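Under the working numbering, the sequence shown has 1291 at position 140, and the numbering climbs by one with no breaks.
A portion of the hints provided could be inaccurate.
[To be verified] DMTMM-like cross-link-like pairs, simulated, lysine to aspartate or glutamate; straight-line CA separation at most 20 Å:
#1 LYS1383 to GLU1349
#2 LYS1161 to GLU1190
#3 LYS1162 to GLU1185
#4 LYS1228 to ASP1256
By construction, these hints were calculated from the structure, which means they are not laboratory data. Quantities reported herein were computed from a predicted structural model and do not represent experimental measurements.
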Amino acid sequence: MDQAFEIAGKKFGSRLMVGTGRHRNMEEMVASIEASGAEIITVAIRRLNLDDPTEKNILDYFDWSRYTVLPNTAGCKTAEEAVFTAHLAREVTGSNWIKLEVIPDTRLLPDPVGTFEAAKQLVDEGYVVLPYIHADPVLADRLEAIGCATVMPLGSAIGTGQGIQTIDEIRLIIERAGVPVIVDAGLGVPSEAAQAIEEGASAVLINTGIAQAENPALMGEAFKLGVEAGRKAFLAGRIGRKTAATPSSPAAGVATGS
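Let the hints inform the model, and build the full structure from the sequences given.
Here it is as structure tokens:
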């Protein structure tokens, strides 16, 4: 009934991607990711201590035969910093996949110009680029045109848990996209992830919503179920939206009093 979720020719059974930031400790991080059923895990390369090779870091807590590592350029303020970090990520992980983030200031909104510049260079260098962007349909079109493997529009600002505040723009992106659309940032509960998938998004990426939950492992499992429900609803085909009520019982043949 369903088809596998695919990025750059690689297939995945789970449409839930998860991040490794903001967890209270490594044990909660590992438990919540295992419970989520996710197969793609993002790791912020600039936040690893690479000066001491003997120190255990996030990469050491996972069996990478089970997961696909998605290094990201979190913390990069310019296109140049992002490209440098992508080069470093390839050296550290052996992967040419990169989640591209260019975020210039404390408002934590992605820079469209810097993102496009870095994406173009990295695509030309053979990277599989997954750019994090505002929900801008024009930018999404242009990033796809230069060869990005996905587009990743935000639902709302990073870490806010406000859910999807950009649904109209995300619908426009999904309508035109020939690459997977992954809703990233701002999702706080599984119903919001389900909404994104119901609208036709290929996947969602969750970090803070799981990491900062009171019970991260239980929330990870809840997001797994929310994504699965959203996908089934998308495949089932929702009823059309109407402005007036429609009776669910037939009007003909209704018994009347004598």
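Each hint, compared with the structure:
1. LYS1383 to GLU1349: This hinted pair holds, its Cα atoms lying about 8 Å apart.
2. LYS1161 to GLU1190: 11 Å, holds
3. LYS1162 to GLU1185: Holds, at roughly 19 Å.
4. LYS1228 to ASP1256: 7 Å, holds
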